[in-house]
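Protein chains: 2
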Amino acid sequence: MRMPLEGVRILDLSAIIAGPYSTLLLADLGAEVIKIEKPGTGDGARGMPPHYVEGESAYFIAYNRNKKSLVLNLTKPQGKKAFLDLVKISDVVVNNYRPGVIEKLGLHYEALRELNPRIICCSITGYGSTGPFKDRPAFDICVQARGGIMSFTGEPGRPPVRQGVPMGDLGGGIFAAHGILAALYQREKTGRGQKIDISMLDCQIAMLSYRGQYYLSGGEIAQPLGTGHASVHPSRSFQTKTFEIVLDCNLQRIFDEFCALAGVPEMAKDPRFSSRENRFTHQKALYEKLEALFLTRTGEEWLALMDARIPIAPINTVDKALTDPQVLSRNMVPEVDCGAGKTLKIIGNPIKMSEIEKEKFTPAPRLDQDGDQLLRELLHYRDEEIKAAR
Amino acid sequence: MRMPLEGVRILDLSAIIAGPYSTLLLADLGAEVIKIEKPGTGDGARGMPPHYVEGESAYFIAYNRNKKSLVLNLTKPQGKKAFLDLVKISDVVVNNYRPGVIEKLGLHYEALRELNPRIICCSITGYGSTGPFKDRPAFDICVQARGGIMSFTGEPGRPPVRQGVPMGDLGGGIFAAHGILAALYQREKTGRGQKIDISMLDCQIAMLSYRGQYYLSGGEIAQPLGTGHASVHPSRSFQTKTFEIVLDCNLQRIFDEFCALAGVPEMAKDPRFSSRENRFTHQKALYEKLEALFLTRTGEEWLALMDARIPIAPINTVDKALTDPQVLSRNMVPEVDCGAGKTLKIIGNPIKMSEIEKEKFTPAPRLDQDGDQLLRELLHYRDEEIKAAR
Numbered sequence: 001m002r003m004p005l006e007g008v009r010i011l012d013l014s015a016i017i018a019g020p021y022s023t024l025l026l027a028d029l030g031a032e033v034i035k036i037e038k039p040g041t042g043d044g045a046r047g048m049p050p051h052y053v054e055g056e057s058a059y060f061i062a063y064n065r066n067k068k069s070l071v072l073n074l075t076k077p078q079g080k081k082a083f084l085d086l087v088k089i090s091d092v093v094v095n096n097y098r099p100g101v102i103e104k105l106g107l108h109y110e111a112l113r114e115l116n117p118r119i120i121c122c123s124i125t126g127y128g129s130t131g132p133f134k135d136r137p138a139f140d141i142c143v144q145a146r147g148g149i150m151s152f153t154g155e156p157g158r159p160p161v162r163q164g165v166p167m168g169d170l171g172g173g174i175f176a177a178h179g180i181l182a183a184l185y186q187r188e189k190t191g192r193g194q195k196i197d198i199s200m201l202d203c204q205i206a207m208l209s210y211r212g213q214y215y216l217s218g219g220e221i222a223q224p225l226g227t228g229h230a231s232v233h234p235s236r237s238f239q240t241k242t243f244e245i246v247l248d249c250n251l252q253r254i255f256d257e258f259c260a261l262a263g264v265p266e267m268a269k270d271p272r273f274s275s276r277e278n279r280f281t282h283q284k285a286l287y288e289k290l291e292a293l294f295l296t297r298t299g300e301e302w303l304a305l306m307d308a309r310i311p312i313a314p315i316n317t318v319d320k321a322l323t324d325p326q327v328l329s330r331n332m333v334p335e336v337d338c339g340a341g342k343t344l345k346i347i348g349n350p351i352k353m354s355e356i357e358k359e360k361f362t363p364a365p366r367l368d369q370d371g372d373q374l375l376r377e378l379l380h381y382r383d384e385e386i387k388a389a390r
Numbered sequence: 001m002r003m004p005l006e007g008v009r010i011l012d013l014s015a016i017i018a019g020p021y022s023t024l025l026l027a028d029l030g031a032e033v034i035k036i037e038k039p040g041t042g043d044g045a046r047g048m049p050p051h052y053v054e055g056e057s058a059y060f061i062a063y064n065r066n067k068k069s070l071v072l073n074l075t076k077p078q079g080k081k082a083f084l085d086l087v088k089i090s091d092v093v094v095n096n097y098r099p100g101v102i103e104k105l106g107l108h109y110e111a112l113r114e115l116n117p118r119i120i121c122c123s124i125t126g127y128g129s130t131g132p133f134k135d136r137p138a139f140d141i142c143v144q145a146r147g148g149i150m151s152f153t154g155e156p157g158r159p160p161v162r163q164g165v166p167m168g169d170l171g172g173g174i175f176a177a178h179g180i181l182a183a184l185y186q187r188e189k190t191g192r193g194q195k196i197d198i199s200m201l202d203c204q205i206a207m208l209s210y211r212g213q214y215y216l217s218g219g220e221i222a223q224p225l226g227t228g229h230a231s232v233h234p235s236r237s238f239q240t241k242t243f244e245i246v247l248d249c250n251l252q253r254i255f256d257e258f259c260a261l262a263g264v265p266e267m268a269k270d271p272r273f274s275s276r277e278n279r280f281t282h283q284k285a286l287y288e289k290l291e292a293l294f295l296t297r298t299g300e301e302w303l304a305l306m307d308a309r310i311p312i313a314p315i316n317t318v319d320k321a322l323t324d325p326q327v328l329s330r331n332m333v334p335e336v337d338c339g340a341g342k343t344l345k346i347i348g349n350p351i352k353m354s355e356i357e358k359e360k361f362t363p364a365p366r367l368d369q370d371g372d373q374l375l376r377e378l379l380h381y382r383d384e385e386i387k388a389a390r
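Residue numbers (the working numbering), protein chains in the order written: chain V, 1 to 390; chain P, 1 to 390.
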């Protein structure tokens, strides 16, 4: 039984979120990911407050399952030599250093391909390696703000908010993994590696999708809509007798069925609500009717009445989401063995492929956990060389 | 010059966002994506109000650049035969039908692999093809709500909001594309295709990342934080004399440099703010000082003072984001030729690969734009067979 990316070795120079998330996605599918960490603290995420498990931060744990850790001092000749020796027998190098650092270390694509023409190098930066902002630093919040999405996330008429998960970083990581997979596939045809240049800001622009196109084609400047939608009605949250629920009935077939199930069949026949164009035009009247309707039953009653047939859901807090029966049934909260009889619950892999017979998860590595073994087994280093590489 | 995915043919049965976004990402990298659309209306996104360009919705335009369109009536034997003939010469089939439909059409993986053992079939559904909710319908808002992210997106103490872009759908599309790329790579080794089963809810769970792990390892139930952060301080928006800007100075080196540039070097020496652990503990005092500080200058002044060295950014509305000089310099808003001397601005490809010498963009296809040509050239159908397939 092979995993889809078995045999792919990735040298991961990255830290915090964007880079580690990209290699996490590849590790889940079977790539061998070796985190190359700096002596002392390693990945800066290891010390992120406030939650720790056996001295390792939950923040770090979230992005580093299924990986190995090797400490190398890349500013010293012996450490750099070990890295370059690894490049010769690896497939991919990922970094999310600030702009210019990978060149200063001499570990950029143009240097590495001399050692291994099949190597694929991916860098993830805030703004990319070209353009007027290429030397500027940026973190998640900067690209969420500069890229536009923050400006229209929030309640109407109130200040913008950040997306609750770090989509600036995650977007960079996701599209980096995407480029790496495409480059691996292309290498099967050409025999050559290549360089991939991911800008977290570009990724935000790519995710603007229809709200960006509404500006480009319609001149509409996206505004915050709370839980609502710019085109689809009804699609929003509603207060019930007990808790808020969300509903989306844009398809006519579903809107008709919703009205029947809710005991308001006359609503489906109302000409103001008889097509998505008409509901768009009369959205105010539509929401007034629905707000009153949803207050007539509890959230539990609405869900029990609807959830087999209508796109409806509770707004789960994270404890409820991570104990949801559907989520658990899909192995999205696996429990991993940490040794010494201890286990840890982590987040699972969302890409379910039939050639993966059984998903495998190991906890995030301790700093340098695999260092000696990797240098010995992969590079046949002797003890003194292993020591010098740190 | 080949594109990374040149030679990969994808039959795309999907509509609206999740499926089309997955094939969009693959089309941008050179895959031949053939949208198989139903007679009459085609992809339901074509009619989405309120913005249209030559009768095609901006919503549809946003998700269908670089694709071809072919109308087939899959409920009729001749239409189904044409589809199955295409399966024999294709690599990937994508659908985001509601649960059970692909089986009812007889176009599920187990049927198609009999015709082509190399075929890769990917289905995207709200909750996946297994588990207690597998038959339930769900759209973007449902998985944003059920998956937890909505509950902690918003202002502290106020109702939750939806992320401004449809991350429920986009997440499904992104991870579907990811699985397809991994399956293409694995097929190079095994010669076999496989089935990929993407649940949009699973994808939300995968993006919970550290905010999910904070619950699993620390029992913390994520709360909405406005533009703030659960661990990183300062990381937030601030009102200036003119407009709001965002700032992230969690790294000690950057915090020190920020204080020096801002003319408050004593702040970096304050023991309450001298490490990220200390700033976490004293975040209230930190933000009080920074709020007062940012009000002393205009947004323009802060940006001019800081943006070469410090992760800082304006909160751009979508018009500003899509005319940002960095965004334009990266070809993220290409102008495409629509024929008859007309052009259209669209969103570009965020995956910049060195083997792509020149990015290529074509506008979203008119319904059945490529139908006759595809059936004639790929399947050598005669006119009467072409007519019967519709």
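The hints are simulated quantities; they were obtained by calculation from the structure and are not laboratory data. Yeah, the Cβ is synthetic: ideal placement off N, Cα and C, and Gly gets one too. One should not assume that every hint holds.
[Said to hold, decoys possible] Here's a subset of chain V near chain P, in silico, CB distances under 8 Å, partners left out:
hint : residue
1    : Gly40
2    : Gly42
3    : Ala62
4    : Ala182
5    : Ala340
6    : Lys345
[Unchecked claim] Derived Cβ-Cβ restraints for the label pairs, each shown as a range:
hint : chain 1 : residue 1 : chain 2 : residue 2 : range
7    : V       : Pro117    : P       : Pro159    : 54 to 62 Å
8    : P       : Asp270    : V       : Lys320    : 39 to 47 Å
9    : V       : Lys320    : P       : Asp372    : 28 to 36 Å
10   : V       : Pro50     : P       : Lys360    : 46 to 54 Å
Hints, one by one, checked against the model:
1. Interface hint status for V:Gly40: violated, as the beta-carbon distance to the closest one in chain P is roughly 14 Å, over 8 Å.
2. With a least beta-carbon distance of about 15 Å to chain P, the hint placing V:Gly42 at the interface is violated under the 8 Å criterion.
3. Against a cut-off of 8 Å between C-beta atoms, the interface hint on V:Ala62 holds, since the closest Cβ of chain P lies about 4 Å away.
4. Using the Cβ-Cβ criterion of 8 Å, the hint placing V:Ala182 at the interface with chain P is satisfied: the shortest such distance is roughly 4 Å.
5. With a cut of 8 Å, the hint placing V:Ala340 at the interface with chain P is violated, because the nearest CB-to-CB distance is about 17 Å.
6. Among the interface hints, the one on V:Lys345 holds; its C-beta lies about 4 Å from the nearest C-beta in chain P, closer than the 8 Å criterion.
7. One distance hint, 54 to 62 Å for the beta-carbon pair V:Pro117 and P:Pro159, holds here, with the actual separation near 55 Å.
8. About 40 Å separates the C-beta atoms of P:Asp270 and V:Lys320, a value consistent with the hinted range of 39 to 47 Å.
9. Taken as a hint, the range 28 to 36 Å is violated for the pair V:Lys320 and P:Asp372, whose Cβ atoms sit roughly 52 Å apart.
10. Checked against the hint of 46 to 54 Å, the pair V:Pro50 and P:Lys360 passes, with Cβ atoms roughly 48 Å apart.
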